[in-house]
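Chemist: Sequence:
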Amino acid sequence: MRNHLAEDILNKDMLHLMQVYKESQKKNDTLNATIELIKHTSIIISNFRDPRPIIDADDHRLAENQEVLDWFIHWEKSVINDHTITNKQKHLISYQTRQDIVSCIMGFDELCKYKLKNSHASIIASRVNSDVVENMFCQQRTLHNGANTNPTYLGYCTVNSVILGQHAISKKSNAGGVEESCNMSLQLKKKVY
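Under our numbering, the residue at position 142 of the sequence shown is numbered 143, and the numbers go up by one with no gaps.
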């Protein structure tokens with residue numbers, strides 16, 4: 002549910018709404034930064050929800066994702082380097098969210114490069130599920146005094162069996178239910194004697 006709420010707030014429909022609202026205001030330059038942010042988040046949402054396959058590394062969506070990543074990195078650096086801003090963290094989204102955006106875009110780009118180089122299969126962005134990897138990183142982050150520090154070797158060893166013992170398909174994932182539907186179709190085809 003949280004993913005759908007974030008998508009509804011940061012997608013192209015909200016971008017259009019903000020642009021129309023800006024035009025209706027007398028002092029209409031106050032929303033420029035918000036519109037700029039939503040412009041870039043709407044590109045990510047559109048590209049990762051796109052059901053069309055990516056068949057080569059020169060796909061325009063991969064280039065758009067890289068432009069969005071460059072914008073987020075530039076935004077972070079500009080806030081950090083601006084000496085007039087006293088509380089820099091209040092002018093940025095959370096560190097974890099910024100890292101998730103970077104890892105999502107870079108990881109998907111590398112996945113596409115690897116897959117397209119080593120096989121003739123295509124990749125459909127809307128069907129890629131990162132819940133297993135994300136769950137592993139969340140567990141690693143929370144091992145030592147919460148989600149903001151890195152785990153120690155000993156702390157990681159104690160939870161390693163939990164991480165490695167997880168199923169690759171989660172019933173609670175965003176894409177969810179694949180394993181169940183496959184098993185149900187197999188069970189229905191069996192003859193009862």
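Hint data in this document are derived by calculation from the structure and do not stem from the laboratory. Among the hints, erroneous ones may be present.
What the hints assert, rightly or not - Under the rule of at most 25 Å between Cα atoms (straight-line distance), these lysine to any residue pairs were calculated in the SDA-like manner:
| hint | residue 1 | residue 2 |
| --- | --- | --- |
| 1 | LYS78 | GLN100 |
| 2 | LYS89 | ARG99 |
| 3 | LYS40 | LYS116 |
| 4 | LYS40 | VAL69 |
| 5 | LYS78 | ASP57 |
| 6 | LYS118 | LYS40 |
| 7 | LYS114 | ASP57 |
| 8 | LYS28 | GLY108 |
| 9 | LYS78 | CYS105 |
| 10 | LYS114 | ARG99 |
| 11 | LYS13 | ASN88 |
| 12 | LYS114 | VAL103 |
| 13 | LYS13 | THR87 |
| 14 | LYS118 | ARG62 |
| 15 | LYS40 | PRO52 |
| 16 | LYS13 | PHE73 |
| 17 | LYS116 | LYS28 |
| 18 | LYS118 | ARG50 |
| 19 | LYS78 | THR31 |
Chemist: Now look at each hint and say whether the structure bears it out.
Modeler: Verification of the hints:
1. LYS78 - GLN100: The given pair, whose Cα atoms are some 14 Å apart, holds under the 25 Å limit.
2. LYS89 - ARG99: Within the cut-off at roughly 14 Å; holds.
3. LYS40 - LYS116: 29 Å, violated
4. LYS40 - VAL69: 9 Å, holds
5. LYS78 - ASP57: 32 Å, violated
6. LYS118 - LYS40: This hinted pair is violated, its Cα atoms lying about 31 Å apart.
7. LYS114 - ASP57: It holds: about 8 Å lies between the C-alpha atoms, which stays within 25 Å.
8. LYS28 - GLY108: This hinted pair is violated, its Cα atoms lying about 41 Å apart.
9. LYS78 - CYS105: 19 Å, holds
10. LYS114 - ARG99: It holds: about 23 Å lies between the C-alpha atoms, which stays within 25 Å.
11. LYS13 - ASN88: 30 Å, violated
12. LYS114 - VAL103: Roughly 16 Å between the alpha carbons, so the hint for LYS114 and VAL103 holds.
13. LYS13 - THR87: The given pair, whose Cα atoms are some 32 Å apart, is violated under the 25 Å limit.
14. LYS118 - ARG62: This hinted pair holds, its Cα atoms lying about 17 Å apart.
15. LYS40 - PRO52: 20 Å, holds
16. LYS13 - PHE73: 18 Å, holds
17. LYS116 - LYS28: 49 Å, violated
18. LYS118 - ARG50: Between LYS118 and ARG50 the Cα gap is close to 23 Å, so the pair holds against 25 Å.
19. LYS78 - THR31: Holds, at about 22 Å.
When each numbered hint is compared with the structure, violations occur for hints 3, 5, 6, 8, 11, 13 and 17.
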